[in-house]
Each structure stands twice: as structure tokens, then as C-alpha cells.
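S.K.: Sequence:
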Amino acid sequence: MDQLPIFLTISGHPALIVGGTPAAAAKARLVLKAGAVARLVARRPSDELRALAADAGLTIAERPVQDSDFDGVRLVYVATRDEAEDVRVAAAAWTRDVPVNVVDRPELSTFTTPAVVDRAPIVVAVSTGGAAPVLARRVRAAIDRLLPARLGDLARLVDSFRPSVKAILPEITARRRFWDAFFDGPAARAALEGDEATARSEALKTLNDLPNQQDAARRGSVSVVAVGPGDPDLLTLKAHRLLLEADILIHDADVSHDILELARRDASRINSRGRSDLVRLSRRSAEQGKTVVRLVSGAVPPAAEIEALRDADVALVVVPGVAGTATIDDTSARPLPGAAVLPRSTTPASLLEMAFPVPFAAHH
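Numbering follows this note's numbering, with no gaps: position 96 of the sequence shown is 96.
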């Protein structure tokens with residue numbers, strides 16, 4: 001990753017756009033949508049920019065850029081089509097430590113603007129760091145087709161219930177499990193269908209039942225996941241899901257970095273120890289309500305380790321991996337029991353249905 005992906009709050013703050021081009025108009029619309037106080041400086045603003053000034057609150061100064069234009073601005077967009085002017089404005093922003101983006105000139109920019117899927121308050125940003133903007137737009141279009149149109153409604157519903165859930169479930173692991181179950185339930189489904197009344201009613205039912213669920217939420221689990229040949233693309237769907245749920249990863253030393261990166265960023269990562277230490281750590285973590293995922297190399301989890309965990313009386317899930325020795329001509333290759341294998345006809349939409357079977361399947 002060559003750039004840090006962040007979301008910048010510019011609502012109510014000045015943003016400077018330099019240039020009178022169509023690209024400048026696109027950037028002006030973008031910052032106005034984010035609530036910025038948009039200021040444009042251009043010798044010859046386009047009719048589109050003048051319309052934004054009349055209808056959307058864009059401020060236009062028809063003159064060259066001045067030093068005072070940079071005072072107090074949160075960011076600068078440059079789209080002049082004049083190479084020398086682009087360099088001059090970018091240099092002025094650099095000297096003031098103001099983030100600057102020069103359209104189609106990543107070498108002059110300190111940030112790039114991603115292609116955006118907007119389901120406010122949910123926003124998905126796709127960036128190639130300026131290397132392939134058209135490709136970023138194609139990826140954005142694919143994601144846009146997959147995400148439900150009312151995903152923002154679901155996010156707002158969740159936001160309204162978060163304080164109550166936090167008060168009832170102060171422990172973060174229990175809250176995360178609650179929300180995982182919530183998103184697979186009737187309240188989420190109703191929100192995505194646009195039925196706000198039913199969504200709120202079902203959410204209240206779930207909230208009122210929380211005290212009865214706390215004891216179950218406190219019990220952790222251990223999942224032993226075989227990663228197969230080590231290629232992240234060959235992990236089973238169940239392995240992917242468990243990685244996203246893990247609080248603690250206990251992994252063999254040769255499990256690849258790419259596989260470990262699939263887990264949540266806040267999950268603890270521990271190199272595996274001797275079997276007795278492993279069982280003791282897993283049991284203690286599960287008793288604390290943690291979700292432990294044990295990642296082992298190869299396609300078959302070690303039987304002795306599984307037996308020791310079973311003897312420790314923890315909630316145990318075993319996920320075999322896929323074999324990595326088969327070739328395209330190996331007609332004898334068969335999936336291991338429990339391994340999810342995608343059919344040839346798998347599409348992004350059908351994959352989404354498998355990942356989010358209840359609320360998302362009917363809304364891609």
C-alpha cells in the first residue's frame with residue numbers, strides 16, 4: 001500500500017479549486033457535496049462553473065491565483081490544463097503544507113481522489129493512486145451494482161441504536177457478535193427493503209432481548225482453520241468469514257502474510273507455540289469470550305491438536321483447507337469434506353449472496 005486511505009472532514013471549511021475546465025467543475029461539485037466552502041480561482045470559468053456559482057454556492061474569483069487564496073483552506077484541486085500553472089500552484093500548496101491534487105498529474109499531487117460509491121453515511125472509495133483511473137472507475141461500477149441502494153438507511157438505523165447496545169453490552173467482543181447477528185436478521189432486511197417502521201420494530205425486539213443473550217455472548221470459541229497451499233485465493237469461504245470474526249489469530253510460522261492480512265486489523269496475531277501452550281492459550285481466550293482462530297499450514301488440521309482442544313471443553317470448529325497439488329488435468333482431484341468450492345458460474349453477485357445470505361441476497 002503506497003498511500004494512506006483516509007476520509008477527510010471538510011464540511012464548513014474552505015476548499016480551493018484552481019482552473020476553469022470541466023475537470024475543475026467536477027472537483028467543485030465533489031467538494032460542495034462534501035459540505036465544503038468552495039472557492040474557485042480561474043481566469044475564464046466555464047459556463048458549468050458559473051452555474052455552480054448561481055445554484056450551489058460556489059465562489060468564483062476571475063483572476064490569477066494569489067498567495068492569500070491558500071489561507072485557511074483544507075485542500076486544493078488544480079485543473080488548469082496549463083503545465084506551468086499546475087506546477088506553480090502545486091508548489092505554492094506544498095510550501096504551505098496544504099494537501100493538493102493536480103488532475104492527471106500524480107507526480108505533483110500529495111493526495112489522489114478515489115472513485116466513490118456513495119451510500120451515505122457508507123462510502124466506498126476505490127483508488128489506484130493515479131496509476132489507472134479508468135480501472136478504478138470500473139471497479140467502482142462493479143461495487144455500485146452489488147451494494148443495496150438503501151444501505152445508508154441500514155447504517156442510520158444502526159447508528160440510532162448504538163448507544164443503547166453499548167450500554168447493555170459494554171464489552172466490545174459481545175457487541176461485535178451482536179451486530180454480526182443483527183445484520184443477518186429481520187431488522188436489517190426490512191431496512192434494505194425501505195420498510196423503516198418494521199426495521200425499527202424488529203430492532204427494538206432484538207434490543208429488548210439482549211439481556212437474555214449476554215451469557216451466550218460471553219462464551220468464546222476456537223476455530224482450527226487449514227489454509228491449504230497458502231494462496232489466499234484458495235481459502236474456503238468459511239475460512240474467510242472466520243478470519244473476519246477473529247479476535248486472536250494463532251498461526252504457524254509459515255502461514256503467509258497475505259493470509260494474515262485478511263483478518264481484522266485489531267485482531268491479535270500470535271506465532272503458534274507448543275501444543276500444551278496452544279491449548280492453554282486457546283481455552284483461556286475462549287473463556288474470556290474471545291473468538292480464536294488457529295491457522296495451520298496444509299489442507300488437513302492436525303488430529304492431535306484437535307483432540308487436545310476437544311478435551312479442553314471449548315466450543316470448537318474445524319475447517320479443512322483445499323489441496324494444492326492438483327493440476328488442471330488431474331481428474332482425480334476432489335474437494336476435502338467441509339471445503340467450499342466455487343462453481344464455474346460464480347459471479348460477483350452470486351459471491352455476495354454467499355457472503356451475505358439474508359439481507360443482501362435480494363438487493364444486489
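FYI, nobody ran anything at the bench for these hints, they're computed from the structure.
Hints should not be assumed to be uniformly reliable.
[Unchecked claim] Quick list of in silico lysine to any residue cross-link-like pairs, SDA-like style, CA-CA up to 20 Å:
#1 Lys-205 / Ala-149
#2 Lys-290 / Ile-306
#3 Lys-205 / Lys-238
#4 Lys-290 / Arg-269
#5 Lys-290 / Ser-221
#6 Lys-166 / Thr-59
#7 Lys-238 / Ala-181
#8 Lys-290 / Asp-180
#9 Lys-238 / Val-318
#10 Lys-238 / Ala-167
#11 Lys-205 / Ser-221
#12 Lys-205 / Asp-153
#13 Lys-33 / Val-126
#14 Lys-33 / Thr-59
#15 Lys-290 / Ala-181
#16 Lys-238 / Arg-264
#17 Lys-166 / Arg-150
#18 Lys-33 / Gln-66
#19 Lys-238 / Asp-153
#20 Lys-33 / Asp-2
#21 Lys-33 / Arg-63
[Said to hold, decoys possible] Label-pair distances were calculated between CB atoms; the ranges are:
#22 Arg-105 / Arg-275: 54 to 62 Å
#23 Ala-132 / Gly-274: 46 to 54 Å
#24 Arg-137 / Leu-204: 21 to 29 Å
#25 Asp-233 / Arg-269: 41 to 49 Å
Just so it is clear, CB atoms sit at the ideal spot from N, CA and C, and this is done for glycine as well.
S.K.: State for each hint whether it applies.
M.R.: Hint by hint, here is what the structure shows:
Using a Cα cut-off of 20 Å, the hinted pair Lys-205 and Ala-149 is violated, with the two alpha carbons roughly 25 Å apart. At roughly 18 Å between alpha-carbon atoms, Lys-290 and Ile-306 fall within 20 Å of each other, so this suggested pair holds. Among the hinted pairs, Lys-205 with Lys-238 is inconsistent with the structure: their alpha-carbon atoms are about 29 Å apart, more than 20 Å. Using a Cα cut-off of 20 Å, the hinted pair Lys-290 and Arg-269 holds, with the two alpha carbons roughly 13 Å apart.
For the given pair, Lys-290 sits about 7 Å from Ser-221 by alpha-carbon distance, which is consistent with the 20 Å threshold. Taken as a hint, the Lys-166 and Thr-59 pair is broken in the structure, with Cα atoms around 43 Å apart against an allowance of 20 Å. Taking the CA atoms of Lys-238 and Ala-181, the gap is near 16 Å; set against the 20 Å cutoff, the hint holds. For the hint linking Lys-290 to Asp-180, the alpha-carbon distance of about 15 Å falls within 20 Å, and the restraint holds.
Between the alpha carbons of Lys-238 and Val-318 the distance comes to roughly 10 Å, so the proposed pair stays at or under 20 Å and holds. Between Lys-238 and Ala-167, the direct Cα distance comes to roughly 31 Å. Violation of the 20 Å bound is thereby established for this hinted pair. For the hint linking Lys-205 to Ser-221, the alpha-carbon distance of about 26 Å lies beyond 20 Å, and the restraint is violated. Of the pairs offered as hints, the one joining Lys-205 and Asp-153 holds, with about 19 Å between alpha carbons and a cut-off of 20 Å not exceeded.
Note on Lys-33 and Val-126: the hinted pairing holds, with a Cα-Cα distance of about 18 Å set against a maximum of 20 Å. For the proposed pair Lys-33 and Thr-59, the alpha carbon gap of about 15 Å is at most 20 Å, so the pair holds. Taking the CA atoms of Lys-290 and Ala-181, the gap is about 16 Å. The hint holds against a cut of 20 Å. Pair hint Lys-238 plus Arg-264 holds up; C-alpha atoms about 15 Å apart against a cutoff of 20 Å.
Our distance criterion of 20 Å between C-alpha atoms is broken by Lys-166 and Arg-150, whose separation comes to about 25 Å. The suggested pairing of Lys-33 with Gln-66 is violated, with an alpha-carbon distance near 25 Å, which exceeds 20 Å. For the hint pairing Lys-238 with Asp-153, the CA-to-CA distance comes to about 28 Å; that exceeds 20 Å, so the pair is violated. Taken as a hint, the Lys-33 and Asp-2 pair is broken in the structure, with Cα atoms around 27 Å apart against an allowance of 20 Å.
Between Lys-33 and Arg-63 the CA atoms are separated by roughly 25 Å; this puts the pair beyond 20 Å, and the hint is violated. Range check, Arg-105 to Arg-275: about 57 Å between beta-carbon atoms, so the 54 to 62 Å window is met. For Ala-132 paired with Gly-274, a C-beta distance near 48 Å keeps the hint of 46 to 54 Å intact. For Arg-137 and Leu-204, the Cβ-Cβ distance of about 41 Å falls outside the hinted range of 21 to 29 Å, so the restraint is violated.
Asp-233 and Arg-269 have their C-beta atoms about 21 Å apart, which leaves the hinted 41 to 49 Å range violated.
Checked against the numbered hints given earlier, the structure breaks hints 1, 3, 6, 10, 11, 17, 18, 19, 20, 21, 24 and 25 and satisfies all the rest.
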